[in-house]
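J.: Listed below, chain by chain, are the residues.
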Amino acid sequence: MQADPGSIKFSLDRTSILILDADPMSMSILSQILAGFGAKNLYKCTTIEDAKLAAQREFDLIFVDPGASGDGYEFIPWLRRDPSSRNKFSSIMVVTGHTQSTRITSARDSGANFVLAKPLTPTKISARIGWLGRDKRQHVECQSYVGPDRRFKFEGPPQGLEGRREGDLSADLGNASQPNMSQADIDALMQPRRITL
Amino acid sequence: MSDKAKFFKPVNRLAGALQDGTNRTLREGIRAADRNLTYIAGDCLQHVEEAIARLEQLIADWPADGGSDRLQEFYGISLSIIGVASVVDLPQIDVAAKSLCDVLDGMITRGIEFREPVAVHVGAMRLLRNITNPTDSQHVIDGLLKVRKRFAFDPLVDAKPVGRPA
Chain A
1 MQADPGSIKF SLDRTSILIL DADPMSMSIL SQILAGFGAK NLYKCTTIED
51 AKLAAQREFD LIFVDPGASG DGYEFIPWLR RDPSSRNKFS SIMVVTGHTQ
101 STRITSARDS GANFVLAKPL TPTKISARIG WLGRDKRQHV ECQSYVGPDR
151 RFKFEGPPQG LEGRREGDLS ADLGNASQPN MSQADIDALM QPRRITL
Chain B
1 MSDKAKFFKP VNRLAGALQD GTNRTLREGI RAADRNLTYI AGDCLQHVEE
51 AIARLEQLIA DWPADGGSDR LQEFYGISLS IIGVASVVDL PQIDVAAKSL
101 CDVLDGMITR GIEFREPVAV HVGAMRLLRN ITNPTDSQHV IDGLLKVRKR
151 FAFDPLVDAK PVGRPA
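Protein chains in written order, with the working numbering: chain A, 1 to 197; chain B, 1 to 166.
Bear in mind the hints are in silico, worked out from the structure with no lab data behind them.
Since the model is a prediction, treat every value here as computed from it, not as a measurement.
One or more of the hints may lead you astray.
[To be verified] Pairs of lysine-lysine, DSBU-like flavour, derived with a Cα cap of 35 Å:
| no. | chain 1 | residue 1 | chain 2 | residue 2 |
| --- | --- | --- | --- | --- |
| 1 | A | Lys-52 | B | Lys-149 |
| 2 | A | Lys-40 | B | Lys-149 |
| 3 | B | Lys-9 | A | Lys-88 |
| 4 | A | Lys-124 | B | Lys-149 |
| 5 | B | Lys-9 | A | Lys-136 |
| 6 | B | Lys-149 | A | Lys-9 |
| 7 | A | Lys-52 | B | Lys-6 |
| 8 | B | Lys-9 | A | Lys-153 |
Turn these sequences into a full structure, and let the hints steer you where they fit.
T.: As structure tokens, this is what we get:
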């Protein structure tokens, strides 16, 4: 069941936001939506150089449109890795109309928290911002990637492979310490039973 | 940096900022944002019109017996339409622009150039700008998606295997 939007508190008036988008029309649409939600601290940059300068201050939320060249994807690893960056752990949302097939790996490895496909609507944006606000994923740092954990579910290392996490246990299960369950035991686990409370 | 991945939980600043915000409701915000979008609807429509006109000009300049070295330019213009047309209630043009981006991406990736699939998309955008009947629009879109299927990058066929994510 969806919650009533009339009862949910949602305001961006205390949220500092940076937008990197080289396309003025696309920037305008996103800015108008964010302004509608009360955003006041909105920094708009059309080039990566400007965005790097703006990123000398802390932002709670950063929107990046990678643009037709896909150059915007380079800004995110810079934010995540550069020693001077004050936004290593900021929430970053990529907004894009289309991603070129040659850029899919860059998009995956950039370190963004979320990729949002255009067209943007107020409902879509607010839902995703709310989701980012509730995001409990851990942050990952390794040679090839810095950013939020891309696994939304962790079900152990892939079968047959050694885990790469520091806390991963050995994939070797060892010998069974008890006899196998009989089919009757397994069936008994599945059978619905009437209970009296 | 070590080869082993380090995991930790940083403070979610966005959560704090949202928490500190005023008591405005989501419904009020959505209404205000929708209202703001109506203020720029005229600019959006003009943007879509100009973009389609630029695409038409590029098609007109495409040599009949050769390739165009401007596929990336086509792609940039088409990409700039996506998300803007929907603001002025022309979502079908968004779909056509996305389909054109797929076709152009497929051609750029494979190093091939065909005028017809691009011209069909640009012609369809002009058509979709003018037709009002949703059924007719859907027929046009269905046709475009068939063209798209033929030219777009297919990850199952074209993609090289990539490394496992962290």
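J.: All hints, please: hold or fail.
T.: Hints, one by one, checked against the model:
1. Lys-52(A) x Lys-149(B): Given that 35 Å is the threshold and the Cα spacing comes to 39 Å, the pair is violated.
2. Lys-40(A) x Lys-149(B): violated (44 Å)
3. Lys-9(B) x Lys-88(A): It holds: about 12 Å lies between the C-alpha atoms, which stays within 35 Å.
4. Lys-124(A) x Lys-149(B): holds (28 Å)
5. Lys-9(B) x Lys-136(A): Roughly 8 Å between the alpha carbons, so the hint for Lys-9(B) and Lys-136(A) holds.
6. Lys-149(B) x Lys-9(A): violated (43 Å)
7. Lys-52(A) x Lys-6(B): holds (26 Å)
8. Lys-9(B) x Lys-153(A): Within the cut-off at roughly 16 Å; holds.
Consistency with the previously given hints fails for numbers 1, 2 and 6, ordered from lowest to highest.
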